Amino acid sequence: MTEPGSTRSSPWMMWLPALIFVGFLGLVAYGLRNPAEREVRSALIGKPVPEFALPPAAEGQPGLSRADLVDGKVRLLNVFASWCVPCAVEAPQLARLKAEGVDVVGVAIRDRPEELAVFLARNGNPYSRIGADNLSKVQFALGSSGVPESFVIDGKGVIRYQHIGEIRAEQVPMILAKIAEAGQ
Amino acid sequence: MIANFGLAALWFAAALAALQLFAGGLGVYRPGNPLGALVRPVAMVQGGLVALSFAALIWLFCVTDLSVLLVAKNSHSAKPLLFKFAGAWGNHEGSMLLWVTVMGLAGAFVALAERRLPERTMLATLASQAFVSLGFYAFLLFASNPFTRLNPAASEGQGLNPMLQDPGLAFHPPTLYVGYVGLSIAFSFAVGAMLTREVGPLFAKAMRPWVLGAWIFLTVGITAGSYWAYYELGWGGWWFWDPVENASLMPWLAATALLHSASVLAARNALRTWTVMLGVVAFSMSMIGTFLVRSGILTSVHAFAVDPTRGAFILALLAIYIGGALNLFAVRASTISEGERFALTSREGGLVVNNLMLSGALGIVLVGTLYPLLAEAMGTKVSVGPPYFNPMTALFVLPMLLVLAVGPLLRWRRDRVARVRPMLLAPALAGLAAGLMATIAGLKLLPAAGIALSAVLVIASLLPLHGRNLRTVKLPVWGMVVAHFGVAIALFGMASDSAFTRERLVAVNPGQTVAVGGWQVTLKQVEPLAGPNWTALQADLTASYLGGSEIALHPQARSFWAPPQQTSESALATRWNGQLYAVLGDRSEDGRWQLRLWWKPFVTLIWLGGLLIALGGVLALVGRVMSDLRRSSAERKIAYRRMRQGR
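One line per chain: the protein sequences are U and P, in this order.
All residue numbers for the first sequence refer to numbering that gives the first Met the number 0, where the first residue is 0 and numbers rise by one.
All residue numbers for the second sequence refer to numbering that gives the first Met the number 0, where the first residue is 0 and numbers rise by one.
Chain P extracted, bound-state conformation (with noise of 0.2 Å):
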């Protein structure tokens, strides 16, 4: 019952789309067209129906219906509530169902809350995103149906995969999903802009708040899951340059040269097709995403069912979504004026730097996720690892960040670096002995730049606010200040990790006792465990750092049932300056068990600088809308006022 419920209204929610972009189109070419007035109520309706298809879903899992294939085959009752739950949206076709219930809510919120635009222009934008979400809908119901029923219903289910069972699961994808597809939402905006050729300030302003929420989730997303990884792959490493990671970081370093952008675009009225383009690469990215992981042409970690018919019919998807566009910027780009003119040592010659190198690093990762492919056509298989990631991402990322460090401080149009000079002396020494320890402490080259250029960015990502009253500071201004400082703190991290973390990896008997980094960790046992449903044996460890008090820590070799896999359950113990991380292994012939040991020193300021990051975008996005809802409700009162004078 539920599942046919489900099954109608994705139906309906893909014919509205279908009415969405008929309606949507009419009005843009026919305008004055009274269909026009229909697209926002239908876009809004259709974003209802499909968070309703999505729900009923969700509750299948939840009640573990085993007459619903898709819940066969991927949950099993005896599994916590909370990764039935889950599990709704860990396997491809839910998974799918979250994408098109992200654009169509993401589409129901803009028809209902955007009115800065022309109107013809938000027709046009509505009708390109009803014009993508009809073709995910259509990939949905003929090739990936979430509510196929199996008749007869099975007895059990088949279970989800271990490594999936972990709270971060239930969090981690539908906030990177709400982040990659909230893109559509800039996609969307640009095509329309194109379409009515409406490339402006007012452009850029309306499409910002929405770009910088989804950037907001997209950070957290994938902050949330290099750290998942880390701790439940157990493999003591926060990034594997996997096809799966990439699919994420590519979209995140378009969307963050498009904030960028888009911010020249609305203050500075310049930038304009370069911020179109970046519109439409972004979600183009996440779609590129999609498809790289879903079709199976690349070997990934993260294992999705990989069935070719459904990878051709995405790649259709991509050459009349990505295609299209590509083509109308082709087109219409000529007919968009250049927009202001500005010298290179200004605000703007800042952001086209960022811009560029983002661009590059973007370049960059999808070159090598890509690399094994083009190798395979030539005829030789290859796997590109960090040994082209890490330096060639570098090469981009580190002088952005130097430019970082100055082009905040510079004004718009004009500017002298002769005026910024004095304010970058405290920065500078910073850097400069920053990076002359690390040389004497005979680190390599890039952990080595990493610091030096982390110390130069503690200070100077603060220096917009020197010399200013910092209750007038305005919270945009405070959101760039607190993302550019996460920026900082997470290189730091990064750089602190590979240039500082001590590893053991020893076979010890109970009693025994290891040192690592500082640490004394002693084995005191072996016990076997009972969970849910699984077993496991899980070490009691005791470990101090330089002589402090003990702490107890407990890694886990755990054997799950359904269905039937290993996994290692990393345990950590987490210090202001560090993280010690225990790993157990395999028992062997001689009854020693073995351990894996990491010092990590400062590997948690990773995550905390991402979060930072994350949070900058959220007080930017906060300042934004109250000042957009403030502006708002004064020219109504403006306009009531004359209204009643003119009577």
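Just chain U, with the same shape it has in the complex (with noise of 0.2 Å):
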């Protein structure tokens, strides 16, 4: 038994810590490059909501199904979970964006009902509706691969909008622009 990274045998093993390094800087130098959000177009856009139905997620509120989304209303679909931060940062847009009369309707991914009860508690609670996504399930049917992420969908249950990350104070006039063209 030798000591781990043991030395002699294999030089270029010492070489691996700033191998990683420099993996870690080109990273973060990447980040730092691009701060600002980009719009990545997801490849379900104008594709009409998979067919699923969640149960509820929050006492006293219904879940959300497919049907839901097809009675000729646009909605927001707000994809998001009480544990995560960007979150619980994006909720005073989602409380104007429902000021402003749009119907949010939030899927909460792998969450429990007694967290996401403190996490609307304290951060207000913007849905008409929450289906409970414990398997990440419709999360994965709609294109989103993280928390928070939105969908506009038309009245007929066709994504035509996806944001991905927190929608920021400054994105809320593009996010009513994007629902009122899903309405016309």
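Hints listed in this document are in silico derivations from the structure and should not be mistaken for laboratory results.
Please note that the accuracy of each hint is not assured.
[Unchecked claim] Here are the simulated lysine to any residue pairs, SDA-like style, with alpha carbons at most 20 Å apart:
{"id": "1", "chain 1": "P", "residue 1": "Lys443", "chain 2": "U", "residue 2": "Glu114"}
{"id": "2", "chain 1": "P", "residue 1": "Lys204", "chain 2": "P", "residue 2": "Val476"}
{"id": "3", "chain 1": "U", "residue 1": "Lys177", "chain 2": "U", "residue 2": "Gly156"}
{"id": "4", "chain 1": "U", "residue 1": "Lys72", "chain 2": "U", "residue 2": "Gly62"}
{"id": "5", "chain 1": "P", "residue 1": "Lys72", "chain 2": "P", "residue 2": "Leu6"}
{"id": "6", "chain 1": "U", "residue 1": "Lys136", "chain 2": "P", "residue 2": "Pro385"}
{"id": "7", "chain 1": "U", "residue 1": "Lys136", "chain 2": "U", "residue 2": "Glu50"}
{"id": "8", "chain 1": "U", "residue 1": "Lys177", "chain 2": "U", "residue 2": "Gly154"}
{"id": "9", "chain 1": "P", "residue 1": "Lys443", "chain 2": "U", "residue 2": "Glu113"}
{"id": "10", "chain 1": "P", "residue 1": "Lys473", "chain 2": "P", "residue 2": "Met625"}
{"id": "11", "chain 1": "U", "residue 1": "Lys97", "chain 2": "U", "residue 2": "Gln60"}
{"id": "12", "chain 1": "P", "residue 1": "Lys473", "chain 2": "P", "residue 2": "Ala266"}
{"id": "13", "chain 1": "U", "residue 1": "Lys136", "chain 2": "U", "residue 2": "Asp67"}
{"id": "14", "chain 1": "P", "residue 1": "Lys443", "chain 2": "U", "residue 2": "Leu134"}
{"id": "15", "chain 1": "P", "residue 1": "Lys443", "chain 2": "U", "residue 2": "Pro112"}
{"id": "16", "chain 1": "U", "residue 1": "Lys97", "chain 2": "P", "residue 2": "Ser587"}
{"id": "17", "chain 1": "P", "residue 1": "Lys72", "chain 2": "P", "residue 2": "Ala169"}
{"id": "18", "chain 1": "U", "residue 1": "Lys46", "chain 2": "U", "residue 2": "Ala140"}
[Unchecked claim] Each pair of labels, with its calculated beta carbon distance range:
{"id": "19", "chain 1": "U", "residue 1": "Trp11", "chain 2": "P", "residue 2": "Ala315", "range": "23 to 29 Å"}
{"id": "20", "chain 1": "P", "residue 1": "Arg630", "chain 2": "U", "residue 2": "Trp11", "range": "39 to 45 Å"}
{"id": "21", "chain 1": "U", "residue 1": "Pro91", "chain 2": "P", "residue 2": "Leu428", "range": "52 to 58 Å"}
{"id": "22", "chain 1": "P", "residue 1": "Val507", "chain 2": "U", "residue 2": "Lys136", "range": "35 to 41 Å"}
{"id": "23", "chain 1": "U", "residue 1": "Glu50", "chain 2": "P", "residue 2": "Met377", "range": "26 to 32 Å"}
{"id": "24", "chain 1": "P", "residue 1": "Gly622", "chain 2": "U", "residue 2": "Pro54", "range": "54 to 60 Å"}
{"id": "25", "chain 1": "P", "residue 1": "Leu424", "chain 2": "U", "residue 2": "Tyr29", "range": "52 to 58 Å"}
{"id": "26", "chain 1": "U", "residue 1": "Glu169", "chain 2": "P", "residue 2": "Arg591", "range": "33 to 39 Å"}
{"id": "27", "chain 1": "U", "residue 1": "Tyr29", "chain 2": "P", "residue 2": "Arg586", "range": "46 to 52 Å"}
In this text, all values refer to a predicted model and were calculated from it rather than measured experimentally.
From the three backbone atoms N, C-alpha and C, an ideal C-beta is built for every residue, glycine too.
These two chains come separately, so use the hints to put the complex back together.
Next up, the structure:
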């Protein structure tokens, strides 16, 4: 038995930490150079929402299914979780959107009812419906890989816009424009 | 005037750091050069000057000098004095000045106290410390000057973030900073030892007390920070895997591994390359954490003013220091000999497992913290939360803790499991019993494993004392036992909190009573209340546990007016077996008040355990320093006697 990272046998191993660090530098340099949110067009834009039905995630509020999204009204579907920090950052913007008359529906990812209740009590509850997506099935079906993400869905259940990352204060008018566009 | 003085002191300190680097370099590469003798005194004066500069900033905050931009932005004349004082480091510039102050003072203390290492290694170490300081001085002076004037002066300051107006803030950041900037000493020792090829037991012994000291502060800082977040944020949780929390956890994991591997190197002259590597990694994690938090490339609840040029500046510093040290490591590691060999079943073997598992956990936290960035580079944006961190870190930490039960009982070099097996019977039985009960109670896997393991550890951590005369047990051994016992206690608190917490979220009228986990909580009334710089609605609650006597609780919904912000002040009732946690929410349209109540059995053990871990560190440090002092005074006596006999 020798020590971990045994030295004499493989001197090139000693460059490994430096190599990993170079990778780290590259990654964060990239992160610094691209601070702005980029719009990524999802492959699902223009396609109908896949079939799904989620049980209620919060006490006293209905769950969410595809049938709820095809009644002729434009909606903002927000994929979120109580354990996600950017989701809390995003909450005031969702509240503003709701105040502007937008119907916001939620999909809670891998969440627990008691934690979700705390999150909603603290950050406000802009959602008219919240579905519990405990296995991230619907999330993946929507082409979303992270939280938070928001989808503008028109009255026929077609995805018109996908917003990746939290909605920032300055992006609220843009989201409202996308919703108005989807309503035409 | 005071601001000018502070800025001048900062410039002088920076100039002295440059001199320290230059003179130290000469001393290393031209042995016998007279400038080498300057290094220690210069390090001490540099530490003194930067401390004066920091004192000047604190003074400016205490008198609310509004001709200084930083004060005008972050303070307010109507703030209580304690928060004016603490406001000095509750912002980016001030906390960076605290950073270089800790670096300077740490270098000064090493220059003053460390006499064990060969002088050439000491010069290399102090030159390295000066080199790192120099970068941060440049960062302060060119990109984050805390003494920038505001002309004309503001008539009133903008105030301090109310979230930070808590006595906890006065002590939490400085404690944490002493901890993770103190690790810069380990970094410099490692660089100095590599430069002069002196990686051996002496290097480990010289470095150990400094690492131990920094680690104690880090442990206390993280524990206090966790408690602060718990009662100040009003979310009822004690750890959020927030990037800022991770930024303090990563250096702690590395420093914990470093402490253990340094003790192998000191006692057995093994794990040489590994120890040097960890010395570099620990402080690198401090710098990386600071960069991630300050550059604003990750979203965090701890918002610092974000500035991309600052991010680029710190990134350049990282590239120079971490990149330089890792290159030095790559070049020199192959010349460091392997050290003594040992069998897998030995004290060293146990400590290697400890090191690998801590490093694994460190990797998990680092990847999780960086993952959102990685995903963004790939074109998606994600937030990685507890569903990733909890099971993944447990994967490394739980096996490590199992080895912790056995490792301290093993002998150095080579041992047999059969020898210690009889001793392990009691902890194994305790673990089985606890695990069985947890399973019958229907607990989930992680909490059940945590409770079983904590039962094992509570007994096993005390076993190194078994069969020994307690009066002759050395302090560092007591330190180890207390720290490991603290781990068991904290683990039990964490498992209990996640398994047994009961929560109620209700809307009630005054006079109504709510039951939560054995408590009866009655809302009597809600009253307005005025504080020095806030107004609040305060709920008057009475709570009784299992029909016992009534305790009054007063959670508040506070509105600060400078700057305008709402916070909720939770109220806690602490019993020996847990805490009742109450938060007052909004008033609904029908006049009822939202109340959030948690009963958290044994949650306080988390922080008690953390403090015990730190106390273990203190005992070990006192033991080491005392034996060092005894040895050096004995050596002096011998040298004195020889001198007299020689005559």
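Check your understanding: What hint numbers does the structure not satisfy?
Key -> Checked against the structure, no hint fails, so every one of them is satisfied.
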